[in-house]
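Trainee: Here is what each chain is made of, one letter per residue.
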Amino acid sequence: MRYFVNRVLHAFVVLISVTTITFALFRLMPGNPAQAMRAQFEAQAEARGQTVNPDYLDAMVAQHTGFDPDQPWYIQYVEYLQDIILYQDFGHSIFYNEPVFDILFTAMPWSIFISVYGLAFGYTANILLGAAMAYAEGSRFDSYSTVLATFLNSVPYYVGAILFLAFFAYQLGWFPSGGRYNTNLEAGLNVQFMASITHHAVLPIMSSFIVGFGGGALAMRGNSIRILGEDYLRVARLRGISSERIATRYVARNAILPLYTEMMIGIAAVFSSSVVLEFIFTYPGVGWYTYDAVIRRDYPLLMGSFLFFTIVTLIGILIAEFTYGIVDPRIGSGENNESY
Amino acid sequence: MSHTDEPRTDGGEPLSDEQLFGQLAEKDRVELSRKERYSRALDAYVLAPARVAWEDWRMRFGIFIITMFVFVGVVGTRLVPRPGTNQAPNNLQPFQGGVSAIWEDGGWIDIGLEHSYSFQYFSIPGFDLEYPLGADNYGTPIGRNLVHATPDMLEMVIAGAIVSVGIAALIGITAGYKGGKIDSFLMYITDIVMTMPGLPLIIVIAAIYPPRQAWLVGVVLAIDSWPGLARALRSQVLTLREESYVEASRTMGLTSKTILSRDITPQLMPYILINAAHAGRSVIFGAIALYFLGILPFTTANWGIMMDTAYSEAHALVNLANFYQIFWPMAAVVVISFGLIMFAQGMDRVFNPRIRARHAKKVGGDGESVDN
Chain B
1092 MRYFVNRVLH AFVVLISVTT ITFALFRLMP GNPAQAMRAQ FEAQAEARGQ
1142 TVNPDYLDAM VAQHTGFDPD QPWYIQYVEY LQDIILYQDF GHSIFYNEPV
1192 FDILFTAMPW SIFISVYGLA FGYTANILLG AAMAYAEGSR FDSYSTVLAT
1242 FLNSVPYYVG AILFLAFFAY QLGWFPSGGR YNTNLEAGLN VQFMASITHH
1292 AVLPIMSSFI VGFGGGALAM RGNSIRILGE DYLRVARLRG ISSERIATRY
1342 VARNAILPLY TEMMIGIAAV FSSSVVLEFI FTYPGVGWYT YDAVIRRDYP
1392 LLMGSFLFFT IVTLIGILIA EFTYGIVDPR IGSGENNESY
Chain E
3 MSHTDEPRTD GGEPLSDEQL FGQLAEKDRV ELSRKERYSR ALDAYVLAPA
53 RVAWEDWRMR FGIFIITMFV FVGVVGTRLV PRPGTNQAPN NLQPFQGGVS
103 AIWEDGGWID IGLEHSYSFQ YFSIPGFDLE YPLGADNYGT PIGRNLVHAT
153 PDMLEMVIAG AIVSVGIAAL IGITAGYKGG KIDSFLMYIT DIVMTMPGLP
203 LIIVIAAIYP PRQAWLVGVV LAIDSWPGLA RALRSQVLTL REESYVEASR
253 TMGLTSKTIL SRDITPQLMP YILINAAHAG RSVIFGAIAL YFLGILPFTT
303 ANWGIMMDTA YSEAHALVNL ANFYQIFWPM AAVVVISFGL IMFAQGMDRV
353 FNPRIRARHA KKVGGDGESV DN
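Chains B and E, in that order, give the protein sequences.
Using our numbering, the first residue of the first sequence is number 1092, and each one after it goes up by one.
Using our numbering, the first residue of the second sequence is number 3, and each one after it goes up by one.
The shape of chain B in the complex, shown without the other chains:
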């Protein structure tokens, strides 16, 4: 129980730290976005031939960022934290002229959809391929797969995405080249609409699969081979335990554990990759809005999407950690080392 409380507390601290970083980047640093935004509004007003009133500019900035530039920074900071944690107020998008939270909240499920499937497929493939390679260790299959896995590891996911898009979408026309679903269809819980969503998601998921795939298969292979040499396996064989039981309970379980921790780190990478993937597939998730915000210099939206990414990643890691306790019963026993 203490373990879970600790983890949740830790997640909370990470959230506060990240919010502090965005606040610092946003407000405190010289040449910060708040000043840039002010200049932007000033230019807009001048373009319309209006006289520029400094109070009006301050009010505009305050409306979009949710903070008052006249207040000292610590009061701004407290208000900023309060807004985000208590009221889910991430500011106001300049370009879309809507609350950032609303824009991102509707976009978020799509990003999670792509990333979670990519991650799940990637790690399943890792485990299966790695186990097969370890089982056939030293064979021709093993050496070919090792080279193949290494090669796939050196192909960036966006290169995969570009190849998929060029050949499967534009050339062969098997899959749509962008969007989340066919907009001609009526949205709802009908088969056609669901099929359209799946159809649009195939290529992004395949590309996201490359992110999750990575070097995991080789790690799994290494772990399995290491465990195959352990003494307790020999003992298990001598005791006459069946091969299936040895393979699943003794080898697989112990070999997967290090991979599981690696996956927790990988969650951040998979969500991060969606910025590039959603840009390539014009798939309007949080990543796409991040890119959009950078191009349009829409700082509230940019900061908001960074916080969204952090929150989604934190939740993903929390889920992984809670289930880790089920996979590995040793958790929470704690290795307390003497300190020097």
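By construction, these hints were calculated from the structure, which means they are not laboratory data.
If you're wondering where the values come from, they're calculated on a predicted model, not measured in any experiment.
Wrong hints could be hidden among the right ones.
To be verified - Simulated restraints, written as ranges between beta carbons of each label pair:
hint : chain 1 : residue 1 : chain 2 : residue 2 : range
1    : B       : F1232     : E       : Y247      : 37 to 45 Å
2    : B       : S1234     : E       : Q215      : 38 to 46 Å
3    : E       : L218      : B       : D1193     : 14 to 22 Å
4    : E       : D45       : B       : Y1351     : 38 to 46 Å
5    : B       : A1130     : E       : F66       : 35 to 43 Å
6    : E       : E249      : B       : T1289     : 34 to 42 Å
7    : E       : R214      : B       : V1238     : 36 to 44 Å
8    : E       : D45       : B       : F1095     : 37 to 45 Å
9    : B       : T1289     : E       : G168      : 43 to 51 Å
10   : E       : D45       : B       : A1338     : 43 to 51 Å
11   : B       : Q1262     : E       : F66       : 29 to 37 Å
12   : E       : Y140      : B       : V1238     : 33 to 41 Å
To be verified - Short, incomplete list of chain E residues facing chain B, as computed with Cβ under 7 Å:
hint : residue
13   : V74
14   : I297
15   : P299
16   : V336
17   : S339
Don't be surprised by glycine CBs; every beta carbon is placed ideally from N, CA and C.
Since chain B is already given, all that's left is putting chain E on it; use the hints.
Mentor: Using the frame of chain B, we list chain E on its own:
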């Protein structure tokens, strides 16, 4: 050679060193000169592993690729002319003329004594290359662009690898060795950075403070890659710190700094080197992605910028006739990262005797039970 100032542990009548250690003691106690120590360290940590490493084909392959890129970056830029628009026909296809260009005049390659390929300072007679990789929509030869982008890419990789490995080594080794509160604190920070989504953070930083120099891009991208390595190094140190020779050093009263730099870090060097290669790979992946998205400022020639131009201006994905424009820079990224991974794997093989030992044991002992 008296040891009167040293505490005697046995408390009994002190025996003379001569009795205890014999004639050899004299020789052993001779302090090594600095030069000698360095040459020994060089042999133990650099030359010997290098000799072993060369046995592994992946190592040779990795070193070959890396050397090739370094060669192109250092020498190639001096030989190949600077790229510019309208140097070649617009939209020139790669290997114009196909295989027949080898024996026919015109096309991408000409062979014959009347032809010569001129570098900037000298020329090689016998053959001539005409923009073998093609040119983009503005007639910029892609090959020249690739070559002249290499120094910046290498600078990025090196800066990123040094910074991320440096931070990771500092934090990971200290945390693992010191333990206790320092460990918890440092690991807390590491966990925070690790759980932050790296690419969006870098995008936010790059959008507010656009890095213009190549090394700065590498440093910014290093933010994403150090925490994992720091954790890995820490767990390595956790096993090393219990070794008897480390304990001996501690009993002798050596400072933590000395123990860390003399006893522990050399043991981790191969591991650090392997991860430097991996960090370099992730830096180049990230950098190209950000240049491709157009988030980093377009400065000099750059593989990511080439991809972006091919994508947005030549529509290389829709119009497959232009696909070669995006293919070459992608191929460069894949090849360099393949080289880095091969290098890392070769190192891993060399410095991980456990893999071999386990392997041998398994083959020897389990033959009767694993009958597949």
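Trainee: Among the hints numbered above, which are violated by the structure, and what are their numbers in rising order?
Mentor: Going through the list in order, the structure violates hints 3, 5, 6, 8, 13, 15 and respects the others.
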